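Below are the chains, spelled out letter by letter.
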Amino acid sequence: MSLDAAELYRRYGDMVLARCRVLLGNEADARDAVQIVFLQVHRNRDAFRGDARPSTYLWRIATHTCLNGLRSKRRRPEDPVEDVTVYGDSMLDPVEVRDLLDRAIDGEDETTKLCVIYHFVDGMTHDEAGEMLGLGGAAVRKRIAGFRERARARLPADFMEAV
Amino acid sequence: MSHPSALALHQYRLDELDADERAAVKTHCSTCERCASRLGAQQAARTAFVAEDVPSAIERLAKPANGPWLQLFAGATPLLALAAALLLAVLSPNDSGVRTKGTLPDVELWVGTSEGPRALRPEETLGEGAVVQVLYDTNGARHAVLAGRDSSGRVEVYGELPVHDTLTPSPFGITLDASHGKQEFYVVTSDAPLTAHDVEQALTSGRADLQVRSVAVQKR
Ligand SMILES: [Zn+2]
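From first to last, the protein sequence lines stand for chains A and B. Each step along the first sequence adds one to the number in our numbering, with nothing skipped, and position 160 is 208. Each step along the second sequence adds one to the number in our numbering, with nothing skipped, and position 122 is 318.
Calculated from the structure, these hints are not laboratory results. All values derive from a computational prediction rather than experimental measurement. Ideal Cβ placement from N, Cα and C applies to all residues, glycine included. Among the hints, a few may not be true.
Stated by the list, open to error - To give an idea of the interface, some chain A residues facing chain B are shown, with a C-beta separation under 7 Å as derived from the structure:
(1) Ala54
(2) Asp62
(3) Ala66
(4) Gln83
(5) Arg101
(6) Ser103
(7) Tyr105
(8) Trp107
(9) Asp137
(10) Asp170
(11) Gly171
(12) Met172
(13) Glu176
Between the sequences and the hints, there should be enough to build the whole structure, so can you do that?
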């Protein structure tokens with residue numbers, strides 16, 4: 049499989065953009081993140097072993113990139129939430145995604161954050177999320193359960209109900 | 197099955213699922229209104245996306261500038277850091293140089309450091325692996341091209357730059373290689389479209405109808 053960044057962009061750019069829109073919540077940051085994702089793919093093109101579908105590989109890189117972006121650029125509560133679901137395919141609405149990513153996952157470790165994103169935002173099963181992370185489904189289930197416990201205190205009850 | 201994940205929907209749309217996975221998603225979407233609409237949203241986004249151009253920073257990765265010195269800089273962090281720093285830095289415009297005709301573009305060279313990006317200092321030399329980025333302001337010209345010349349005197353035309361009337365980082369940074377000597381960068385502007393030949397002429401024999409501004413870095 050070719051890892052020509054421009055070729056991959058033509059095929060998967062919209063998928064990566066949709067992913068970044070949902071996680072970052074605004075168009076400008078999402079567009080920046082998409083470029084970073086494909087630049088990273090280009091830089092690491094020799095490391096790709098072809099054991100994953102390119103879409104899975106890109107989804108993983110995009111998720112990490114956005115998570116890093118969220119860390120470096122904290123949103124303030126008063127920042128408006130853009131309605132990215134008009135393009136999106138998330139299982140949560142944009143406000144719920146922001147609650148989850150800007151508040152609820154604060155203080156969680158990186159792996160748990162990724163479990164939460166894959167499971168709640170993307171709607172993956174525990175097994176599917178585990179596959180993204182090289183973990184078993186049971187390990188994901190355990191992390192999600194721990195997260196629920198800790199997040200209950202930080203989030204409105206109706207939100208935790210919804211997820 | 198439960199609602200397919202966003203990724204599974206993309207893979208379904210891209211025809212990348214195994215036969216049984218594919219059948220499961222298809223059956224689910226035929227009965228689940230919500231997932232049918234999620235899939236519809238993906239397809240609509242796809243239609244909008246294919247009408248867009250590939251961003252030049254990505255397009256360039258497939259066709260790297262020729263010549264041994266320039267490698268397109270693919271490390272995204274310094275590039276972003278540069279862009280972010282620009283938002284914060286108050287940049288003073290360059291003193292006006294010798295104006296031939298029209299207004300010259302402004303050009304600066306910035307370097308990434310462990311403390312963050314900063315403008316290159318006068319007389320500063322840089323070693324292998326340093327990351328530099330050209331910042332430019334086309335000052336009202338309608339077309340701009342970035343070119344370079346290494347110590348051997350060879351001119352390379354890297355490509356067209358988007359025109360901007362504020363000091364803007366070029367769409368990519370550049371990692372220095374191990375070769376020595378002076379590396380110059382040129383921003384050539386014009387109101388008419390520029391060919392590589394125009395640019396080469398401007399840099400070698402001079403062209404009164406084109407505006408040229410340069411910055412240089414000394415490689416140790
Ligand atoms: Zn469904």
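How the hints compare with the structure:
{"no.": "1", "hint": "Ala54", "in the structure": "4 Å, holds"}
{"no.": "2", "hint": "Asp62", "in the structure": "4 Å, holds"}
{"no.": "3", "hint": "Ala66", "in the structure": "6 Å, holds"}
{"no.": "4", "hint": "Gln83", "in the structure": "5 Å, holds"}
{"no.": "5", "hint": "Arg101", "in the structure": "5 Å, holds"}
{"no.": "6", "hint": "Ser103", "in the structure": "5 Å, holds"}
{"no.": "7", "hint": "Tyr105", "in the structure": "11 Å, violated"}
{"no.": "8", "hint": "Trp107", "in the structure": "5 Å, holds"}
{"no.": "9", "hint": "Asp137", "in the structure": "4 Å, holds"}
{"no.": "10", "hint": "Asp170", "in the structure": "5 Å, holds"}
{"no.": "11", "hint": "Gly171", "in the structure": "5 Å, holds"}
{"no.": "12", "hint": "Met172", "in the structure": "4 Å, holds"}
{"no.": "13", "hint": "Glu176", "in the structure": "6 Å, holds"}
Hint 7 from the earlier list is the only one contradicted by this structure; the remaining hints agree with it.
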